[in-house]
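Chains as they are written, first to last, in the working numbering: chain A, 80 to 227; chain B, 80 to 227.
I should point out that these hints are in silico values taken from the structure, not numbers from a laboratory. Each hint should be verified, as a subset may be incorrect.
Chain B residues, not near chain A, derived (Cβ > 10 Å throughout) [said to hold, decoys possible]:
#1 ALA116
#2 LYS179
#3 ASP204
#4 ASP222
Which residues of chain B face chain A? A partial, calculated answer using Cβ under 8 Å [to be verified]:
#5 SER115
#6 SER118
#7 VAL119
#8 THR122
#9 PHE151
#10 LEU155
Only some residues are given here: those of chain B computed to face chain A with a beta carbon under 10 Å [unchecked claim]:
#11 GLN102
#12 ASP108
#13 LYS111
#14 TYR112
#15 SER125
#16 SER141
#17 GLN143
#18 GLU147
#19 VAL148
These numbers come from a predicted model, not from an experiment. Every residue gets a Cβ at the ideal spot worked out from N, C-alpha and C, and that includes glycine.
2 protein chains.
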Amino acid sequence: MKAFTTLALAAVVATVALPASAQFAKPEDAIKYRQSALSVLGTHFSRLGAMANGKIPYDAKSAQESAEVVAFMSKLPWAGFGAGTEGGKTKPEVWKEQAKFNDLASKMEAEAVKLNAAGKAGNVDALKAAFGPAANSCKSCHDSFRNK
Amino acid sequence: MKAFTTLALAAVVATVALPASAQFAKPEDAIKYRQSALSVLGTHFSRLGAMANGKIPYDAKSAQESAEVVAFMSKLPWAGFGAGTEGGKTKPEVWKEQAKFNDLASKMEAEAVKLNAAGKAGNVDALKAAFGPAANSCKSCHDSFRNK
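Make the full structure from the sequences, and use the hints.
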């Protein structure tokens with residue numbers, strides 16, 4: 080588990096350290112990319128939250144699909160935070176406190192893996208147990224690195 | 080293959096026929112969702128195109144990752160085209176010619192599956208062979224259903 084976390088962190092660090100030019104023609108392309116990836120993630124995450132909190136009926140198939148999307152999307156946004164891509168709602172602290180940002184990104188990815196497992200479990204209690212920690216992992220990163 | 084295509088088509092039809100309210104609180108949420116999903120897809124598809132066309136060096140790992148993202152994302156946008164979600168760049172023909180739209184959506188998904196296989200093959204010739212038909216599947220849908 081420790082080894083996995085360290086490896087995942089190394090992967091994120093490697094991605095974030097790449098200059099934006101390596102993957103995006105313009106900084107605004109990177110900004111749009113990370114916003115789009117996080118928006119798709121957020122749509123499915125909110126749907127899981129509505130089920131976990133009883134605002135919409137629990138639907139095992141929908142929960143599994145949404146958790147799978149969250150897990151997949153959780154890997155994507157970080158490539159959009161390369162050097163020179165300041166902007167959008169992102170605070171400049173992302174590029175000043177990269178170790179902290181990368182750590183929170185890795186934690187969110189790890190929670191998304193657990194959420195995916197909970198989705199496959201097919202019962203609302205598993206979803207409820209995994210949703211809270213996952214939501215906290217979103218919030219702790221937004222609190223430090225996203226403007227309101 | 081015929082059975083698979085028919086099943087895939089049925090799945091898409093079922094998704095598109097759902098009212099937007101079933102999955103999105105507001106029509107603009109559905110519009111943002113489909114735009115975001117297609118934007119992420121487009122970023123990775125363009126990257127594959129740049130490799131296929133020799134504009135950037137072929138990188139097997141990057142190609143495999145991007146093709147995987149394209150294949151995953153190809154399943155998502157359609158839920159955002161539910162009844163009552165007219166808007167954005169989408170022509171109203173989507174809701175007037177649903178059979179045609181669903182058919183083109185299914186064809187794109189099928190090409191994305193082939194592109195994913197080409198990404199895993201790990202050589203540029205496989206990518207070149209799969210990229211053209213996939214690009215055509217995007218274009219034929221955009222020509223009929225997207226405003227410029």
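Hint check:
1. ALA116: violated, 5 Å
2. LYS179: Answer for LYS179 of chain B: holds, closest chain A Cβ roughly 26 Å.
3. ASP204: About 23 Å separates ASP204 of chain B from the closest Cβ of chain A, which puts it past 10 Å; holds.
4. ASP222: holds, 23 Å
5. SER115: holds, 4 Å
6. SER118: holds, 4 Å
7. VAL119: Given a least distance of 5 Å, the restraint on VAL119 of chain B holds.
8. THR122: This interface hint holds because 5 Å falls under the 8 Å limit.
9. PHE151: PHE151 of chain B check passes; min Cβ-Cβ to chain A is 6 Å, inside 8 Å.
10. LEU155: Since chain A brings a Cβ to about 7 Å from LEU155 of chain B, closer than 8 Å, the hint holds.
11. GLN102: GLN102 of chain B check passes; min Cβ-Cβ to chain A is 7 Å, inside 10 Å.
12. ASP108: With Cβ-Cβ at 7 Å, under 10 Å, it holds.
13. LYS111: holds, 6 Å
14. TYR112: holds, 5 Å
15. SER125: At 9 Å from the nearest chain A Cβ, SER125 of chain B passes the 10 Å test, so the hint holds.
16. SER141: Hint on SER141 of chain B: holds, closest Cβ of chain A at ~8 Å, below 10 Å.
17. GLN143: violated, 14 Å
18. GLU147: holds, 9 Å
19. VAL148: holds, 7 Å
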